[in-house]
Amino acid sequence: EAEVAQSPRYKITEKSQAVAFWCDPISGHATLYWYRQILGQGPELLVQFQDESVVDDSQLPKDRFSAERLKGVDSTLKIQPAELGDSAMYLCASSRLVHEQFFGPGTRLTVL
Amino acid sequence: GQQLNQSPQSMFIQEGEDVSMNCTSSSIFNTWLWYKQDPGEGPVLLIALYKAGELTSNGRLTAQFGITRKDSFLNISASIPSDVGIYFCAGQNNYGQNFVFGPGTRLSVLP
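Protein sequence lines, in the order shown, are assigned to chains A and B. Counting along the first sequence from 1, when you hit position 12 you're at 51 in my numbering, and nothing is skipped either side. Counting along the second sequence from 1, when you hit position 81 you're at 82 in my numbering, and nothing is skipped either side.
To be clear, the hints were calculated from the coordinates, so they are not data collected in a lab. Some hints could be false.
Here are some chain B residues pointing at chain A (derived, C-beta under 7 Å) [what the hints assert, rightly or not]:
| id | residue |
| --- | --- |
| 1 | Thr32 |
| 2 | Gly43 |
| 3 | Phe89 |
| 4 | Asn99 |
| 5 | Phe102 |
Idealized CB from N, CA, C, for every residue including glycine.
Taking the hints into account, I'd like the entire structure generated from these sequences.
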């Protein structure tokens, strides 16, 4: 069964450093989402792509976060510089139909 | 912004018991999704609901799309230890718009 791939699974960094996360959606899924999930809470959308275009990045802290999906397939989410409050699980999801989403395993970020 | 509430926040049940949990909103939604998340993993889609009043089953799981379109319910029958995890609901109010997630219901199953 096709799955959303994410790497790395775990990342520990010091504050003020740069970090990057990678996501490869299920083949054929045009829509890709990045979520942040703080421990004990539900996922919160950071950015949504339709193919290579950003559809919604209203909740993305653009002073330090950036996301790209240059060829409309895989995507990278970057944080620079990382802050202590960025420690969370970063989840990628993809969908072929806009009323279903399939999540990857996530990247657990710890900022020291 | 839109918010979803989930009840109960957490629950402890005996293996073999049935479980009920719900998700409510002050806004109308056109799609409801139910996910299960294990520790350190991404959420796994359990059931998708697209029509008010719809009742859908997936094995021992049954979910319903509330008639008011402001709520949804998930039932698990004959719980087993692997049902342990956090159950999230997610709602979408218009086709193509983002999903809003609830805070989750943490389920513990005692042997």
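Against the structure, the hints:
Using the Cβ-Cβ criterion of 7 Å, the hint placing B:Thr32 at the interface with chain A is satisfied: the shortest such distance is roughly 5 Å. The closest approach between the C-beta of B:Gly43 and any C-beta of chain A is roughly 4 Å, which is under the 7 Å cut-off, so the hint is satisfied. Look at B:Phe89: its Cβ gets to within about 5 Å of chain A, closer than 7 Å, so that hint holds up. Here the hint on B:Asn99 is kept, as its CB sits about 5 Å from the closest CB of chain A, short of 7 Å.
The beta carbon of B:Phe102 comes within 3 Å of a beta carbon in chain A, closer than 7 Å, and the hint placing it at the interface holds.
Comparing the model with each numbered hint stated earlier shows that all of them hold.
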